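Student: Work out the full structure, taking the sequences as your base and the hints as a guide.
Residue numbers (UniProt numbering), protein chains in the order written: chain A, 1 to 568; chain B, 1 to 568.
What the hints contain is simulated information worked out from the structure, not anything from laboratory work. What you are looking at is a predicted structure, and each value in this text was computed from that prediction instead of being measured. Only true hints are included.
One copy or any two copies: either way a pair holds, since identical chains are not told apart in the list.
With a cut-off of at most 27 Å between alpha-carbon atoms, the simulated DSSO-like pairs for lysine-lysine come out as follows: (1) K89 - K261; (2) K258 - K93; (3) K85 - K99; (4) K93 - K261; (5) K86 - K258; (6) K85 - K261; (7) K85 - K258.
Residue strings, one per chain:
Number of protein chains: 2
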Amino acid sequence: MASSLAVCMLHGRVRGSLVKCLQNADKFLQRSVGTNVVAAQFEATRKEESDEKNGRKSLYALQEERQEQAERSVLISCQSTTNEKKFLKYLSKHGDINKYFFYQSYGLYAVVEFTNRESIASLLEAVAIPSISHESVVPFKSRLLSLRNLGSAESPNQLSGKPCQPQTTILINELIQRLSREESIDQQMTSLTEAYQLTEENSRLRFLVCSLLKDIAAAYFPECTIKPFGSSVNGFGKLGCDLDMFLDLDGISGWNVKIPKSGMSLEYHMKRANSERAVTQSILSVVGECVDQFGPGCVGVQKILNARCPLVRFAHQPSGFQCDLTANNRVAMKSTELLYLYGELDPRVRCLVFTVRCWARAHGITSSIPGAWITNFSLTVMVLFFLQRRNPRIIPTLDHLRDLAGPADKSMIEGNDCTFVSDFSKIQVQSNKETLEQLLSGFFEFYATFPFSRMSINIRKGKEQNKPETTPLHIQNPFETSLNVSKNVNATQLERFVALCQESSWLLQQSDTNTPRGGSGGDTVTTWGLATLLLPSQVAGIKGRKRKRREPASDRIKSLLESLKNKS
Amino acid sequence: MASSLAVCMLHGRVRGSLVKCLQNADKFLQRSVGTNVVAAQFEATRKEESDEKNGRKSLYALQEERQEQAERSVLISCQSTTNEKKFLKYLSKHGDINKYFFYQSYGLYAVVEFTNRESIASLLEAVAIPSISHESVVPFKSRLLSLRNLGSAESPNQLSGKPCQPQTTILINELIQRLSREESIDQQMTSLTEAYQLTEENSRLRFLVCSLLKDIAAAYFPECTIKPFGSSVNGFGKLGCDLDMFLDLDGISGWNVKIPKSGMSLEYHMKRANSERAVTQSILSVVGECVDQFGPGCVGVQKILNARCPLVRFAHQPSGFQCDLTANNRVAMKSTELLYLYGELDPRVRCLVFTVRCWARAHGITSSIPGAWITNFSLTVMVLFFLQRRNPRIIPTLDHLRDLAGPADKSMIEGNDCTFVSDFSKIQVQSNKETLEQLLSGFFEFYATFPFSRMSINIRKGKEQNKPETTPLHIQNPFETSLNVSKNVNATQLERFVALCQESSWLLQQSDTNTPRGGSGGDTVTTWGLATLLLPSQVAGIKGRKRKRREPASDRIKSLLESLKNKS
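Tutor: This is how it looks when you write it as structure tokens:
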């Protein structure tokens, strides 16, 4: 049972404002998780969002705002028979509700954000510790609650009866149909990005999970924060992607207390360790133990403390997120900030990245299992490099961003210069007017003919460099410049990538492909444009497309089952 | 190194207002720990204490008061060159100091109690996280601090130069000499009790260690308390005894929140377990992990979770206490309360218990290693039973105390009736005027002739009962009445006890023994009275006294070394 729950969990995907199991998951998963789709209620603050876009808020500002919202929020497991109005009225006794939405995961859940933090304290005072016959509970209190609804069955306004928005998890086949209805390749790429990117609600849910986890870590380190990094916040995250978190202890006061040159001073008596790594392992070990033993809804906890970057991995059932918690992972945070910045500089960046990633996944170029495949991060850096090579450049080089940096931007992490500008207004973008379609074609052409055997991809310089080593693919790590981010990729995988770039480039030049066929009004839609590129490839040696398309989650299940097997 | 530290630790004994290593410990221990004796500064509130005695404060009231004091206190590692006045002036910047004292353990320490709790917050704001080259620290902040004193060497008022009170750890030989100088056996028994019982300062230190540990547990269970139980608070504790603690989660709100019969209500989502025992194990496991990885000064942490009563054992270096942390150990708490009550009812109770225990330890009747020996608890119950059998009774039976109980005293724990009166004023003590000497003689006579083979000792009824089983010694557990608290005792050990009772009874009747010889003014003192009873016995089969007397801590070292060996 436990393992099937854990498997279910990994299937949790966020779709629109919904989190639900992949519909193509095995039948038993469907039975145990349920696939009902319930409409999300969310008063989207479109204006605010667009202001943010124009003002191009820094990642730090965004994170602080989201963290603060999360601390005013609770996560409530509801029943589908719950009367929405009564539910809101019940909660409003404790204060004004700022925002709320429902989503389906392993059951129906509500995220409720109060206007004031005091409402949380008021609410929790009235919450009972469950008493279950023949079972005991670990009385660790959190903001993850369950709604009990006793008495007469409700009928009007039930959540299960709410008009459902057509919120299904987008499968690749559905995406192909949807894209085929669009009237230009540019529109197709925008539509794909909108379908894949994280929603406002999903982003809030991610920060709420961080905040719940922070309550666990803050028990011992009251001044710590837990920040999401990577795809959850870099602007390139796909719905359903893992939640990577970073326990930040740098904010703890007392590190920089001035010690007088004479006279008395006090120091904390603290446990010592040989290295910062040992301290990180020790802290993650205890936090992992707590998550495992106390953390409601946290299952399948694995402590992977001997990894290069020690981490605690677990599944957070109520949100459906697969979580990785690290500490002291400062370079990864800088990487996140850089990708976020590139994504904010020009809307074409995200559209091209989402499109290329979706295309790569459809053809098995990327995979969620570790191996010789090209990673999403490598692929993203390739897109960024391509955009730097346009004439005029669409995005600046990292060296240029470093040169624009102010004193406050200075950042040296373990001997690596991670300095770059954070103030968007200092960055002047050149006036490249290429369309998304031109850029997509350009991308395929560029990499179909790139001299991979001799040259290295380098976004710091914005120019290919001679390869310092003989690995098939060399992409310089932007911050740890002696490292190759694609060291794992073997010749076969690189060849497949090049062959697929050639094929797609060729397809985009065919009038069959590049003529819009959508919007005809009929039920049958003819695949065209970007949609065609997502269909199984004709390139020799590229097999198994169909299987991959039908079971995009099977890799995840496999690797999870493996890890469960290893545990037991 | 670590293991020798741990060994040292266990030698920590509290003597007067000092904690120092046993002087008879092996040389290497002396070298590593140091045996300097530093005078304790403590403004003893004698009047308050005597008021408390007369008012006979309940154990709960006493615990609450002590807990509150502990929360206003910090524990500071000092240097012996510290200037006391400057030290106090430095701390006073953060608020008025209510009480303070110094003691020697593994280094010199100060307990400082502020008048207001806010002073702690103010003090901690100014405390630095230590930065040590080539080492890292786990930034867990607690109220255990280290004093740094930079600049010119101080000379006047140094702590090491303070006039020392003659505060040495009392060894049995010294005790024998001291007792021989007293002028009556009654005075000898009072003197022994004063030399052995916990001091005001030691009691405060125990509550402070509980409070520091509470800060760790409270991280997850903010409403929990950690209470000392057993010898630390039952009135029968000897200086240097283990610190038994009890994590009390019953105070957590939310257990008894009323759930409305209809409408909505909220419950915490919590991890479930099959039994309360499993929950206890889970909580102790995490708390043990935290103590091990984060707890400053906590060494040799052992999780003994599969014991009948799961516990976490560790040595708290700064205080010198060997600590056992349990949870949900409610019957033990009731036992503590009962012993405390009996001890408070009549001052002769404690004097007789301390005397009998010291006598038993001197003859190897009790031991700190588990085995077939009679335990201190069994011995205490035997003394209580003897006092119930006097005519008139000196203390009431447990059944009588139960009959006097009010509704608030009602206590059923796991099906056992643990009810007894807590209001001292309801208990009428009969006017027995026997002297301590008479009681000591009486005790030895009573047990020299007790029909152990047929009868069971029963403080609930205050009368011997027929034995329900064939174990050599049967003492009914006062609360879990189907259990025998001395099940472990074998026939040999019981025979030794009886033989020693006979011998001591006989000795007390000899004029050689019972004639005071002290106070002669000369340097040589002739052993007499109680002191004679503590000398090696002439009873056949009772060997090894000398060894035991010289190395009272050797058992502890052995068992610790064993446990360290097993660990590594």
